[in-house]
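In order, the protein sequences belong to chains A and B. Residues in the first sequence are numbered from 0 upward in steps of one, following numbering that gives the first Met the number 0. Residues in the second sequence are numbered from 0 upward in steps of one, following numbering that gives the first Met the number 0.
Hints may contain errors.
[What the hints assert, rightly or not] Sample of chain A residues at the chain B side, in silico, Cβ under 7 Å:
| id | residue |
| --- | --- |
| 1 | MET70 |
| 2 | VAL79 |
| 3 | PRO85 |
| 4 | THR86 |
[Stated by the list, open to error] The calculated lysine-lysine pairs, modelled on BS3-like cross-linking and capped at a C-alpha distance of 25 Å, are:
| id | chain 1 | residue 1 | chain 2 | residue 2 |
| --- | --- | --- | --- | --- |
| 5 | A | LYS44 | A | LYS148 |
| 6 | B | LYS150 | B | LYS252 |
| 7 | B | LYS29 | A | LYS44 |
| 8 | A | LYS106 | A | LYS148 |
| 9 | B | LYS26 | A | LYS44 |
| 10 | B | LYS150 | B | LYS29 |
Derived by calculation from the structure, the hints in this document are not laboratory data. All C-beta atoms in this analysis are idealised placements derived from N, C-alpha and C, irrespective of residue type, glycine included.
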Amino acid sequence: MPESHVILNAPAIQRALTRVAHEIAESNEAAGDVVLVGIQEGGVKLAERLAAQLGTIWGQIVPVGHLDVSMHRDDLDQRVAPTVHPTVIPFDVTGKTVVLVDDVLFKGRTIRAAMDALNDFGRPQRIQLAVLIDRGHRELPIKADFVGKNVPTSLAEQVHVRLGEAGAEDEVVVERK
Amino acid sequence: MTWQRQHLLDIESLTAEEILAVLDTAKAFKAVGERAIKKVPALRGRTVVNLFVEPSTRTRISFELSEQRLSADIINFTAEASSLKKGETLKDTAKNLEALNADFIVIRHSAAGAPHFLARVLNAHVINAGDGAHEHPTQALLDTFTIRERKGRIEGLNVTILGDILYSRVARSDVWALTKLGARVTLCGPSTLVPKTFEQMGCRVTYDVEEAIRDADIINLLRIQHERQRKTMFPSINEYVSLFGLNKARLAKTKPDALIMHPGPVNRGVEIDSEIADSNRSLILEQVTNGIAVRMAVLFLVNGGKGPQEIAAG
Chain A
0 MPESHVILNA PAIQRALTRV AHEIAESNEA AGDVVLVGIQ EGGVKLAERL
50 AAQLGTIWGQ IVPVGHLDVS MHRDDLDQRV APTVHPTVIP FDVTGKTVVL
100 VDDVLFKGRT IRAAMDALND FGRPQRIQLA VLIDRGHREL PIKADFVGKN
150 VPTSLAEQVH VRLGEAGAED EVVVERK
Chain B
0 MTWQRQHLLD IESLTAEEIL AVLDTAKAFK AVGERAIKKV PALRGRTVVN
50 LFVEPSTRTR ISFELSEQRL SADIINFTAE ASSLKKGETL KDTAKNLEAL
100 NADFIVIRHS AAGAPHFLAR VLNAHVINAG DGAHEHPTQA LLDTFTIRER
150 KGRIEGLNVT ILGDILYSRV ARSDVWALTK LGARVTLCGP STLVPKTFEQ
200 MGCRVTYDVE EAIRDADIIN LLRIQHERQR KTMFPSINEY VSLFGLNKAR
250 LAKTKPDALI MHPGPVNRGV EIDSEIADSN RSLILEQVTN GIAVRMAVLF
300 LVNGGKGPQE IAAG
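Kindly generate the complete structure, drawing on both the sequences and the hints.
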């Protein structure tokens, strides 16, 4: 029986996202140049929630895209083919500040693949990274610009971010196998 | 998703879930073809041999483009210009290709079962691009993808396949795919080309074309394959046109939202009236576009290793 415990509940997740949204706003003065891109699947809902908060702060709509990195992964021959979700980037990223959004930052390989994938859509002025959880164990020189919570973990643990539709049943769980 | 296979040899042995895995994956690959940069690095450094022992233009071009869009390296091997003409066996040819460290072999062959044979003797991933009158799995996958995209589902649809069924690997693969996904399939054509034994595959056979297309949501027309017919199976082309050709009068008696498909090449004025082929009810060119997405998805899926699908997030 895997042992698990909740490390963030719904209000804590909400507070973390509010803080991350304010940090994004603080570091990007030109609101009109910022677009959010959520990484499939865990980053998609987070990107939409962050965009809603940023929209309130800036008083304007913040564009959101979804990026699937499966076709750019470096471990395709080591695993059963991953489920590929649609990539939808309904705006030009060239010259923009793209904030990549993911739920958990771990080895950094997803982010590397995401930066590669994003390149095919244009040349952003800057790419920033926002994550809800940074659990450590990087294998590449990648660092998040905005972090909801740093959570030291062991490799035997798994971090699950569960986001409901309304936000009430949100939680982040660490599970030990 | 549940794709674990190293090869794509036929539709008959696939589960409905596996077929849907290909169609879902193909959706994402279709979007790649609509971008300014239509290429992803998923098969970078991999070598694909297109072993087309039987002549083919459209399927080979579609596979080639799919492979290029996945960043694979490609060798094209055709019967006319190969050592098969000098008496080399298929096994030796394939073993030689494998000795070049080919990772994938896409094979089109006039003998049914040739891809299955290669899959047994080679380590490379084998993809069937049409074997004799047996199967043409990627055509069936692109047909079901196109239907699903336009109609939103497969289950419960009436699909009529009209024409040369006996010699058609497309018909066989389509019947397997469509029935597995819950469509009601009707086969129709001259009785010499549509044997009743096809009913064992779970579809219906009729020789009354008006009845066959009346309730159809999809009418899939197949070309009369002169090259596969050893003897004349019907009196004349003109008789085929008047008895089975899809003309405006017949189309007027179908459901208004019935859509027309054809795997190509089209014999205008034979199985289909020229104007209908160009009308907005024809999906013929969409099938061509979707063929690339589906073939990219197949190559991507069979390339998967044996490890767990989700190694670790992040």
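Tested hints:
no.	hint	result
1	MET70	4 Å, holds
2	VAL79	4 Å, holds
3	PRO85	5 Å, holds
4	THR86	6 Å, holds
5	A/LYS44 x A/LYS148	17 Å, holds
6	B/LYS150 x B/LYS252	20 Å, holds
7	B/LYS29 x A/LYS44	23 Å, holds
8	A/LYS106 x A/LYS148	16 Å, holds
9	B/LYS26 x A/LYS44	21 Å, holds
10	B/LYS150 x B/LYS29	17 Å, holds
In summary, this structure violates none of the numbered hints.
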